[in-house]
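Chemist: Sequence:
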Amino acid sequence: MARTPGYFKDKTIIITGGGSGIGRATAVIFAREGAKVVIGDINEAGGKEVVEAVKKEGSDAIFVPCDVTKREQVKNLVAKAVEKFGKVHFLFNSAGSALKRCTFLEADDALWDLSFDLNVKGTYYATQEVLPHMLENGKGVIINVASMAHKRGGPGTSVHYAAAKGAVHTMTLGVAREFADRGIRCLSVSPGPVNTNFQAASGTTPEMAEKFAKDIPMKRIAEADEVAELVLFMCSDACEFMTADTVYLSGGGGWK
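Everything in the sequence shown is counted per the numbering used here, starting at 3 for the first residue and increasing by one.
Hints in this document: simulated from the structure, not taken from any laboratory.
Using N, Cα and C, we set each Cβ at its ideal position, and we do this for glycine too.
One thing to keep in mind: the hints can contain errors.
[As the list claims (entries may be wrong)] Think about it this way: if two alpha-carbon atoms lie no more than 27 Å apart in a straight line, the pair counts; the simulated DSSO-like pairs of lysine-lysine are:
#	residue 1	residue 2
1	11	50
2	11	141
3	86	50
4	77	141
5	77	50
6	77	89
7	13	82
8	58	89
9	102	141
10	89	123
11	213	102
12	86	13
13	89	141
14	57	89
15	141	86
16	72	89
17	57	102
18	102	58
19	216	102
20	82	123
[What the hints assert, rightly or not] Quick list of simulated restraints, FRET-style, between CB atoms:
#	residue 1	residue 2	range
21	75	221	17 to 27 Å
22	77	158	35 to 45 Å
23	254	74	19 to 29 Å
24	130	212	31 to 41 Å
Required output: the full structure, derived from the provided sequences and hints.
Modeler: This is the structure we're talking about:
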């Protein structure tokens, strides 16, 4: 929660991957606090549903079709946000996926390349496109989704994903430190497993999900809104000295 009442009112956030999961939950929570929301996603139906959910919270939103692996589409996303709402105060790079659960030896070039295109390049493109605008305004917060997987490495199921999220973690550090003296904060959140369609989309079996939960001291996986509430706090004026960090949502599971 913000330190200043009404801190988010009429501020604007761009959310990539905002049509479902953590991105959707974050859109609704920012709308609850009065923020305007720009949804970028390849899922048009989901994106439009989130726009309606934001409006039910009493705020405003637009959906912009966007494949984050395509720079021109990301450029258009940022341009549409500025055109509609004037300023962009926050960017949440939520788009990402493990794509497929497999062992390291089962991974092929196509899976490796797409993992990095979606999880790393998508974050890189959006950050590069929004930074000049934020620098002109003298302030901005960028939150990236990393993962607990970058600590553990994804053995047996997702080394490709863990490696990509490790790159996101490193990129966050570099961007944060390069622009810290110019009003920009850049952070990442590193959740463990989260109860979203990410799990089914990446081929997480019921047995895998059960094992994930058993490995967590709380004996459950996270909910999307638990991640979203953290993103809200990190963007707020309650932690303005925080940058270059990742915050782990692990339920007590260190996975070191």
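Chemist: Indicate, hint by hint, whether the structure satisfies it.
Modeler: Evaluated hints:
1. 11 x 50: holds, 22 Å
2. 11 x 141: Satisfied, since the Cα-Cα distance of roughly 16 Å is no more than 27 Å.
3. 86 x 50: holds, 16 Å
4. 77 x 141: Between residue 77 and residue 141 the Cα gap is close to 20 Å, so the pair holds against 27 Å.
5. 77 x 50: holds, 20 Å
6. 77 x 89: With Cα atoms ~15 Å apart, residue 77 and residue 89 stay inside 27 Å; holds.
7. 13 x 82: holds, 15 Å
8. 58 x 89: holds, 23 Å
9. 102 x 141: violated, 37 Å
10. 89 x 123: Cα-Cα ~24 Å, so holds.
11. 213 x 102: Since the Cα atoms of residue 213 and residue 102 sit roughly 17 Å apart, the hinted pair holds (cutoff 27 Å).
12. 86 x 13: holds, 12 Å
13. 89 x 141: Measuring from Cα to Cα gives roughly 10 Å; hence the hint holds.
14. 57 x 89: holds, 19 Å
15. 141 x 86: Within the cut-off at roughly 19 Å; holds.
16. 72 x 89: Answer holds: residue 72 to residue 89 is near 23 Å, not above 27 Å.
17. 57 x 102: Roughly 34 Å between the alpha carbons, so the hint for residue 57 and residue 102 is violated.
18. 102 x 58: Not OK: residue 102 and residue 58 at ~35 Å, beyond 27 Å, violated.
19. 216 x 102: holds, 21 Å
20. 82 x 123: Status holds; Cα separation ~20 Å.
21. 75 x 221: 17 to 27 Å: 41 Å Cβ-Cβ, so the 17 to 27 Å window is violated.
22. 77 x 158: 35 to 45 Å: Hint holds: Cβ distance 38 Å, inside 35 to 45 Å.
23. 254 x 74: 19 to 29 Å: Given about 43 Å between the Cβ atoms, the range is violated.
24. 130 x 212: 31 to 41 Å: holds, 40 Å
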